[in-house]
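Required output: the full structure, derived from the provided sequences and hints.
These protein sequence lines are chains V and X, in that order. Just so you know, we're using the numbering used here here: the first sequence kicks off at 28 and counts up by one. Just so you know, we're using the numbering used here here: the second sequence kicks off at 28 and counts up by one.
Rather than coming from a laboratory, the hints here were simulated on the basis of the structure.
Given that identical chains are not distinguished, each listed pair holds provided it fits within a single copy or across any two copies.
No farther apart than 30 Å at their CA atoms in a straight line, the calculated lysine-lysine pairs in the BS3-like style are these:
id : residue 1 : residue 2
1  : Lys271    : Lys429
2  : Lys80     : Lys64
3  : Lys355    : Lys325
4  : Lys130    : Lys199
5  : Lys429    : Lys130
6  : Lys62     : Lys80
7  : Lys181    : Lys161
8  : Lys388    : Lys325
9  : Lys325    : Lys62
10 : Lys181    : Lys429
11 : Lys64     : Lys325
12 : Lys429    : Lys44
13 : Lys130    : Lys35
14 : Lys44     : Lys62
15 : Lys246    : Lys183
Given next are the chains, with one letter for each unit.
2 protein chains.
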Amino acid sequence: MTYEEIMKNHVSSNNSKIVLIIMDGIGDIPHPDFKNKTPLEYAATPNLDLLTKSSMLGRISPILPGITPGSGPAHLAIFGYDPLEQQIGRGVLEALGLGIQLKSNDIAARSNFASIDKKGIITDRRAGRIADDKADALCELISSISEIDGIKIKIKPGKEHRFVTVFSSENKELGSLISDTDPQHDGFPIQKAIGKNESSQYLANAINIFTEKSLEILKNQYPANAILMRGLSSRPRILSMRDKYKLEAAAIAAYPMYRGIASLLGFSILPAGESIEELFEIYHKNSNKYDYFYIHIKGTDKAGEDGDFLGKARCIERVDKALPILLKELPDVLCITGDHSSPALMHSHSWHPVPVLIHSKYCGIDASQRFTELESITGGLGDFESKYLTGLLLANAGRLQKFGA
Amino acid sequence: MTYEEIMKNHVSSNNSKIVLIIMDGIGDIPHPDFKNKTPLEYAATPNLDLLTKSSMLGRISPILPGITPGSGPAHLAIFGYDPLEQQIGRGVLEALGLGIQLKSNDIAARSNFASIDKKGIITDRRAGRIADDKADALCELISSISEIDGIKIKIKPGKEHRFVTVFSSENKELGSLISDTDPQHDGFPIQKAIGKNESSQYLANAINIFTEKSLEILKNQYPANAILMRGLSSRPRILSMRDKYKLEAAAIAAYPMYRGIASLLGFSILPAGESIEELFEIYHKNSNKYDYFYIHIKGTDKAGEDGDFLGKARCIERVDKALPILLKELPDVLCITGDHSSPALMHSHSWHPVPVLIHSKYCGIDASQRFTELESITGGLGDFESKYLTGLLLANAGRLQKFGA
Numbered sequence: 028m029t030y031e032e033i034m035k036n037h038v039s040s041n042n043s044k045i046v047l048i049i050m051d052g053i054g055d056i057p058h059p060d061f062k063n064k065t066p067l068e069y070a071a072t073p074n075l076d077l078l079t080k081s082s083m084l085g086r087i088s089p090i091l092p093g094i095t096p097g098s099g100p101a102h103l104a105i106f107g108y109d110p111l112e113q114q115i116g117r118g119v120l121e122a123l124g125l126g127i128q129l130k131s132n133d134i135a136a137r138s139n140f141a142s143i144d145k146k147g148i149i150t151d152r153r154a155g156r157i158a159d160d161k162a163d164a165l166c167e168l169i170s171s172i173s174e175i176d177g178i179k180i181k182i183k184p185g186k187e188h189r190f191v192t193v194f195s196s197e198n199k200e201l202g203s204l205i206s207d208t209d210p211q212h213d214g215f216p217i218q219k220a221i222g223k224n225e226s227s228q229y230l231a232n233a234i235n236i237f238t239e240k241s242l243e244i245l246k247n248q249y250p251a252n253a254i255l256m257r258g259l260s261s262r263p264r265i266l267s268m269r270d271k272y273k274l275e276a277a278a279i280a281a282y283p284m285y286r287g288i289a290s291l292l293g294f295s296i297l298p299a300g301e302s303i304e305e306l307f308e309i310y311h312k313n314s315n316k317y318d319y320f321y322i323h324i325k326g327t328d329k330a331g332e333d334g335d336f337l338g339k340a341r342c343i344e345r346v347d348k349a350l351p352i353l354l355k356e357l358p359d360v361l362c363i364t365g366d367h368s369s370p371a372l373m374h375s376h377s378w379h380p381v382p383v384l385i386h387s388k389y390c391g392i393d394a395s396q397r398f399t400e401l402e403s404i405t406g407g408l409g410d411f412e413s414k415y416l417t418g419l420l421l422a423n424a425g426r427l428q429k430f431g432a
Numbered sequence: 028m029t030y031e032e033i034m035k036n037h038v039s040s041n042n043s044k045i046v047l048i049i050m051d052g053i054g055d056i057p058h059p060d061f062k063n064k065t066p067l068e069y070a071a072t073p074n075l076d077l078l079t080k081s082s083m084l085g086r087i088s089p090i091l092p093g094i095t096p097g098s099g100p101a102h103l104a105i106f107g108y109d110p111l112e113q114q115i116g117r118g119v120l121e122a123l124g125l126g127i128q129l130k131s132n133d134i135a136a137r138s139n140f141a142s143i144d145k146k147g148i149i150t151d152r153r154a155g156r157i158a159d160d161k162a163d164a165l166c167e168l169i170s171s172i173s174e175i176d177g178i179k180i181k182i183k184p185g186k187e188h189r190f191v192t193v194f195s196s197e198n199k200e201l202g203s204l205i206s207d208t209d210p211q212h213d214g215f216p217i218q219k220a221i222g223k224n225e226s227s228q229y230l231a232n233a234i235n236i237f238t239e240k241s242l243e244i245l246k247n248q249y250p251a252n253a254i255l256m257r258g259l260s261s262r263p264r265i266l267s268m269r270d271k272y273k274l275e276a277a278a279i280a281a282y283p284m285y286r287g288i289a290s291l292l293g294f295s296i297l298p299a300g301e302s303i304e305e306l307f308e309i310y311h312k313n314s315n316k317y318d319y320f321y322i323h324i325k326g327t328d329k330a331g332e333d334g335d336f337l338g339k340a341r342c343i344e345r346v347d348k349a350l351p352i353l354l355k356e357l358p359d360v361l362c363i364t365g366d367h368s369s370p371a372l373m374h375s376h377s378w379h380p381v382p383v384l385i386h387s388k389y390c391g392i393d394a395s396q397r398f399t400e401l402e403s404i405t406g407g408l409g410d411f412e413s414k415y416l417t418g419l420l421l422a423n424a425g426r427l428q429k430f431g432a
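Written out as structure tokens, the structure reads:
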């Protein structure tokens, strides 16, 4: 019997409430410019400190030691899906990030403008990172190609040279087993898209025609005189939180990417304000309607990726200040953690384990005094893989039956 | 290469003695009525404290994070069998708990009296939890059906409405791939047993006839006017400790369930007294005859399941007081742990990691001063799955050879 099978056979439903607060990229490492503290250590967090004293700490590993995850696998793991088994295509993730709702027969591609020379050789895969408004105008231009062979094409601009292309058809099945047109390195020509089966080859042909027509449209637009596509993918077939864990789940997240991932898993997507206070108030307004609330806080990751140590610490302080709003109505199980670490010193996501706090009647209490990286090392929850977090929260909520007699 | 293969190829025999003391359900969480201490923290344990100072602590996870195990999988794991691979059927476990010795062609079913209405719909799956003596008399009544189609039927009463039915045949193979007659919910009729292959269908037919005949016998015995069966199973095919680990193993356990599990693994079952002193004296009397001793102490789990915090602490103190008897002749490897946690606050088994102590010449010593949940978090053995414990004890006993050159 596998862990997945145990879950399937032993999960049950009750009236308990579970709240999971994800401070995106919360984990960090000591920063030499700030007394070798981490943002969690540096920030003043009186409310979190108090909560910690009646909670258990530990650390979650998003994937495996040394593996730095993107938001997709990190969130899948947090929600109790094996991130190595269950993956979301890059094209789909990029589409979700732009707030595009994909239907089951839609295929999305990460796309970008590039520079090619007269011989068609790519000289800059990022078209000199052209400005957003320039790229928006170019997206408008190539949007004139709205259909090829009965396949509808939609373009949505992203940041700088990036955009997303979505292919759809109402009559014919589209496959996504299609090779990239992006060779991944400068100095090569644009590659022909090749489909691995009939439905994929059908779309691949249209992609090749689309690429040719775009070259014609963009021929005088150097440095953005070509387009490249990769990560062609469709919505993954994935069990909802309802079917997998008998949870009516709701997402309170302001950013499209996280709303998108949650919607793939069947979460109800609640309207979310910009401030942390608003996120917590929305929980209150809806606390009777769902079993499981995912509240996503982006500021910590954004500051981490910007290398903004103080910004990250301030975001933590804002969460701390708003916490009493949430604690007015303490859920049966409260969990505070991150999907991954984003150390300010690194300006990026990282592989470091992420502190996790669980508060519930039956979780237990350890000796921790503050919710920090250092104290979470010796926390009572120990170290475990993120994919087991949901099971642990279900156990604390009395929603997991005994395995065997 | 798998862990199982490494074990098989590298285990060897020598003259060392290993003693494993299982304080059933020992792990706990802080209790608000007792200064937020756990029973291990609350109890006065001078002998355990002294032992701890020359030992290593750690924590074992019975199955995986969040999974609460029954005694069956928890004990299998402790003895070095993967509890997800190797399972013992519910009927077999129930039979073991009643001290029934199953032969290889015996099929056991968890059975119970139930209430049905005039239309045959189940109104109470537990027949109002009838008293033991009433149920004993009813078991006697249906025992009059001693054979159907050459299949012998034996009934043994358990607690309240529960009993075990054992089907056996000397001539014909009996299969156990048989669906439950118990629909698991009130409001449904008794289900027909269905066998998934020929030998199972042969027994399923007899079960259906047995059920019909019982209804006739019990028709005036409301609320116990029907019987239900589930968990039909036979003795698992499982390697003995001798074949798997080259260990001559002996069990010192007073309760039938634990003697039963040990006997499935080929342990010699030693006569066991009721007091902890007696359990330890039996070890002394037999210490030259076996390599590996499993000493089972039930009181901790019983108190935990009863929510009796002080009872659990007192049982720990009794173990502590008796410990010098065992230590008169210190084995090469001494391990003290539990099969799972049973927090008094929860009145039940739980998923929490279990403290483990190992004392041996080569185990090492950490900074731990007392054998408690909190100190075990930072113990030198770390956190690991219970299924690796036996390998670790074998290593400490010099019974595991180097893997690779």
